[in-house]
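> Take a look at the letters that make up each chain.
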Amino acid sequence: MLSTINQRIGLILFIIAAVYLFLSFQLPNYPYAPVDADVIPKGLGVLMLILSAALFFSKAIETEAEKEKRNIPKKELLVLLAVFAMIFLYILLFEALGFIIMTAVFIFFSSWFLGYTKWKTNIIVSILFPLGMYAIFVFALGISLPKGILPI
Amino acid sequence: MNAFDGMITGFQVALSWEGILFVLIGVIVGTLIGMMPGLGPISAIAIMIPITYGMDPAPALVMMAGVYYGAVFGGSTSSILLNAPGISGTVATAFDGYPMAQQGKAGKALAIAAIASFFGGTVSVIMLMLLAPALSSVAISFGPPAYFALMLMGLTAISSLSEGSTIKAMISAVAGVMVVTIGIDPQTGTQRFTFGNVNLFDGFDFLIIALGLFAIAEVCMLVLNRKNRSLSDDQKLGSLKVSRADLKEMSGPMTRQSFVGFILGVLPGAGATIASFISYIFEKRISKNPEEFGKGSIKGLAAPESSNNAATSGAFVPLLSLGIPGSGTTAVMLGAFLVLGVQPGPLLMTDRPEIFWGIIASMYLGNIFLLVLNLPLIPYLAKILSIPRPLLISLVIMFSLIGVYSISFNVFDLYMLLVFGALGFAMRVFSFPAPPFILAFILGGMMEQAFRQSMTISNGSLAIFVNSPLPLSLILVAFLSLVIPGLLKWRSRRKLAKM
Numbered sequence: 000m001l002s003t004i005n006q007r008i009g010l011i012l013f014i015i016a017a018v019y020l021f022l023s024f025q026l027p028n029y030p031y032a033p034v035d036a037d038v039i040p041k042g043l044g045v046l047m048l049i050l051s052a053a054l055f056f057s058k059a060i061e062t063e064a065e066k067e068k069r070n071i072p073k074k075e076l077l078v079l080l081a082v083f084a085m086i087f088l089y090i091l092l093f094e095a096l097g098f099i100i101m102t103a104v105f106i107f108f109s110s111w112f113l114g115y116t117k118w119k120t121n122i123i124v125s126i127l128f129p130l131g132m133y134a135i136f137v138f139a140l141g142i143s144l145p146k147g148i149l150p151i
Numbered sequence: 000m001n002a003f004d005g006m007i008t009g010f011q012v013a014l015s016w017e018g019i020l021f022v023l024i025g026v027i028v029g030t031l032i033g034m035m036p037g038l039g040p041i042s043a044i045a046i047m048i049p050i051t052y053g054m055d056p057a058p059a060l061v062m063m064a065g066v067y068y069g070a071v072f073g074g075s076t077s078s079i080l081l082n083a084p085g086i087s088g089t090v091a092t093a094f095d096g097y098p099m100a101q102q103g104k105a106g107k108a109l110a111i112a113a114i115a116s117f118f119g120g121t122v123s124v125i126m127l128m129l130l131a132p133a134l135s136s137v138a139i140s141f142g143p144p145a146y147f148a149l150m151l152m153g154l155t156a157i158s159s160l161s162e163g164s165t166i167k168a169m170i171s172a173v174a175g176v177m178v179v180t181i182g183i184d185p186q187t188g189t190q191r192f193t194f195g196n197v198n199l200f201d202g203f204d205f206l207i208i209a210l211g212l213f214a215i216a217e218v219c220m221l222v223l224n225r226k227n228r229s230l231s232d233d234q235k236l237g238s239l240k241v242s243r244a245d246l247k248e249m250s251g252p253m254t255r256q257s258f259v260g261f262i263l264g265v266l267p268g269a270g271a272t273i274a275s276f277i278s279y280i281f282e283k284r285i286s287k288n289p290e291e292f293g294k295g296s297i298k299g300l301a302a303p304e305s306s307n308n309a310a311t312s313g314a315f316v317p318l319l320s321l322g323i324p325g326s327g328t329t330a331v332m333l334g335a336f337l338v339l340g341v342q343p344g345p346l347l348m349t350d351r352p353e354i355f356w357g358i359i360a361s362m363y364l365g366n367i368f369l370l371v372l373n374l375p376l377i378p379y380l381a382k383i384l385s386i387p388r389p390l391l392i393s394l395v396i397m398f399s400l401i402g403v404y405s406i407s408f409n410v411f412d413l414y415m416l417l418v419f420g421a422l423g424f425a426m427r428v429f430s431f432p433a434p435p436f437i438l439a440f441i442l443g444g445m446m447e448q449a450f451r452q453s454m455t456i457s458n459g460s461l462a463i464f465v466n467s468p469l470p471l472s473l474i475l476v477a478f479l480s481l482v483i484p485g486l487l488k489w490r491s492r493r494k495l496a497k498m
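Residue numbers (numbering that gives the first Met the number 0), protein chains in the order written: chain V, 0 to 151; chain S, 0 to 498.
Some hints could be false.
What the hints assert, rightly or not - Going by beta-carbon spacing under 8 Å, a handful of chain S positions derived as facing chain V:
id, residue
1, I166
2, V176
3, L223
What the hints assert, rightly or not - Pairs of lysine-lysine residues, derived as BS3-like cross-links and limited to a Cα-Cα distance of at most 25 Å, are as follows:
id, chain 1, residue 1, chain 2, residue 2
4, V, K66, S, K382
5, V, K73, S, K226
6, S, K226, S, K240
7, S, K488, V, K68
8, S, K226, V, K117
9, S, K287, S, K247
10, S, K287, V, K66
11, V, K58, S, K382
12, S, K226, V, K119
13, S, K226, V, K68
14, S, K294, V, K119
15, S, K382, V, K117
Worth flagging that the hints you see were computed from the coordinates, not collected in a lab.
This one's a predicted model, so the numbers in the text were calculated from it and none came from an experiment.
All residues carry an ideal CB built from backbone N, CA and C; glycine is no exception.
Sequences and hints are given; from them, build the entire structure.
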């Protein structure tokens with residue numbers, strides 16, 4: 000039944016579209032507008048249902064290039080997941096610890112993790128980049144970035 | 000104001016010290032980001048947007064335009080040197096550029112690309128200068144139904160012209176509009192799909208979508224390809240000299256393809272990538288020696304390079320005079336306009352002539368800067384290609400995070416950036432094109448508004464879209480642009496079955 004990748008994606012999109020459509024029908028009425036807030040979402044939901052069904056039943060065969068793109072080794076996916084985890088940690092902590100410290104730590108570790116071996120250059124970039132960006136944003140553009148635990 | 004007075008106004012902006020400085024910054028940044036394989040003009044523009052906060056709109060937009068055409072100019076460098084296109088608009092550049100580099104003529108190839116780019120860009124700016132004001136004065140009478148139909152046509156055109164499956168491209172487009180519906184409906188105040196979450200009341204800022212779907216997703220692809228070779232220090236570029244005979248050989252393709260590129264750039268949906276491919280095939284078809292193409296032909300290099308740069312300026316025609324972007328990249332440009340409080344469209348030319356004409360005038364200047372930068376300085380600029388991938392990845396992630404944080408100072412938006420980054424990556428992996436999504440996201444809100452205004456005018460009758468000739472014909476074109484490719488495929492399949 001779910002033999003091809005397009006059928007699987009089509010099914011997932013169909014479910015998303017159905018949920019979206021269901022939520023569109025829950026939208027409250029507003030009597031004074033000729034086109035209420037629910038008209039466009041309902042239309043989009045129906046359109047998405049049709050398109051996901053079309054994807055499900057389409058006979059298009061996946062090209063070699065498309066298959067190639069999909070073929071990612073497990074190990075590489077784990078690397079990617081680790082990068083996302085690092086970004087997540089950065090977002091979680093950077094308001095508390097401050098932009099400069101977290102950015103320096105992030106650049107150093109993610110570059111090192113991704114295979115950058117020249118640690119001297121890495122340290123220099125990790126320190127200079129956040130300082131430079133902080134100076135540009137805070138002093139030149141007047142956009143404040145979190146100070147965190149540093150005094151400046 | 001006629002075009003002559005307009006250009007005087009424009010050059011007053013472009014040739015002020017601020018104008019010159021920001022054109023220069025724009026084209027340098029654009030060239031450098033455009034050169035990086037994997038990072039496209041959308042990422043380049045989105046990364047630069049936060050820098051413009053609080054700037055005067057005219058110099059800021061002159062800079063953003065410079066980033067855009069600078070990126071298209073710079074994309075050719077990595078196509079030629081690494082056979083890894085800097086941007087999708089320069090894929091065709093590698094067909095003949097890379098073989099030339101392998102023959103030890105990298106310098107010459109870069110010089111030819113720079114000259115062809117300059118020529119295409121400049122010819123196209125001249126046509127932009129003539130066409131944009133004319134279109135503005137026509138468009139001023141367009142009502143909401145015509146606008147709705149125009150935007151619909153833009154979306155169907157980009158879907159049917161996207162690489163790969165049209166169904167997938169349409170799904171991307173519909174999903175883009177679905178994401179816009181999240182937030183408080185501006186007309187009735189109804190909360191749509193917010194689940195009571197305060198962070199969602201204003202919907203998603205377009206920068207979150209642009210940086211997520213493009214910059215972060217491109218970074219993910221870079222992570223996967225981080226071991227690909229970057230430029231080695233000892234690679235010799237060879238002489239940058241272009242002989243008179245070479246110039247003569249490239250003059251034909253350059254002239255023809257500048258016009259082809261411009262027209263394709265103006266039309267919705269096409270843009271630099273498609274223009275460069277069509278121009279390459281065009282020149283190969285009419286060439287007396289088509290077998291030379293792909294082996295380092297000067298014509299095969301000059302054609303896509305003049306075409307993609309011409310398409311870039313051409314894409315400014317609908318953006319400036321209608322306020323409707325025709326491609327993913329110009330959609331993000333429109334976002335840059337709106338961030339600065341400038342609404343492009345038919346009124347821009349009369350209300351903000353310094354911006355309308357300033358951008359056009361700055362493009363002449365920008366193209367000259369790019370030529371001067373690229374010809375003698377290219378060996379030094381190309382050094383940026385030797386930045387180690389891991390470091391580049393970390394820095395782009397940082398730029399994206401800072402960019403999103405500086406619009407709202409809201410950590411929730413950063414998590415959403417991560418979510419859209421993952422979505423963009425998944426779309427790339429499963430071959431769903433991202434440009435229709437961003438274009439739909441930018442157009443979605445405007446389309447809904449135009450639709451409702453039309454319905455208010457017509458008292459709720461859909462007939463308003465078919466009663467006057469302009470909306471009717473635009474909707475017909477939109478419909479046909481989706482149906483015709485499908486019919487052609489179906490016919491060729493039937494033919495195959497009969498054989």
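> Would you mind confirming whether the straight-line C-alpha gap from K287 (chain S) to K66 (chain V) stays at or under 25 Å?
Violated, at roughly 37 Å.
> Can we keep the I166 (chain S) interface hint, with Cβ of chain V closer than 8 Å?
5 Å, holds
> Taking 25 Å as the top limit, are the C-alpha atoms of K488 (chain S) and K68 (chain V) close enough?
With a Cα-Cα distance of about 24 Å, the restraint between K488 (chain S) and K68 (chain V) holds, given a limit of 25 Å.
> Run the distance test for K294 (chain S) versus K119 (chain V): straight-line Cα separation, threshold 25 Å.
At roughly 43 Å apart (the allowed maximum being 25 Å), K119 (chain V) and K294 (chain S) break the hint.
> Does the nearest C-beta of chain V fall within a distance shorter than 8 Å of the C-beta of V176 (chain S)?
Result: holds, 6 Å to nearest chain V Cβ.
> Check the hint pairing K226 (chain S) with K240 (chain S) against an upper bound of 25 Å on the C-alpha distance.
33 Å, violated
> With a cut-off of 25 Å on the C-alpha distance, tell me whether K58 (chain V) and K382 (chain S) pass.
Judged against 25 Å, a Cα distance of about 47 Å means the pair is violated.
> Just to be careful: measuring from the Cβ of L223 (chain S) to every Cβ in chain V, is the smallest value less than 8 Å?
Holds, because the Cβ-Cβ distance from L223 (chain S) to chain V comes to roughly 5 Å (cut-off 8 Å).
> Within 25 Å, alpha carbon to alpha carbon, are K73 (chain V) and K226 (chain S)?
16 Å, holds
> Would you check the hint for K226 (chain S) and K68 (chain V), treating anything up to 25 Å between C-alpha atoms as holding?
16 Å, holds
> Is K226 (chain S) within 25 Å of K119 (chain V), Cα to Cα?
Answer holds: K226 (chain S) to K119 (chain V) is near 21 Å, not above 25 Å.
> Between K226 (chain S) and K117 (chain V), does the CA-CA distance stay at or below 25 Å?
15 Å, holds
Hints 4, 6, 10, 11 and 14 from the list above are not met by this structure, while the remaining hints are.
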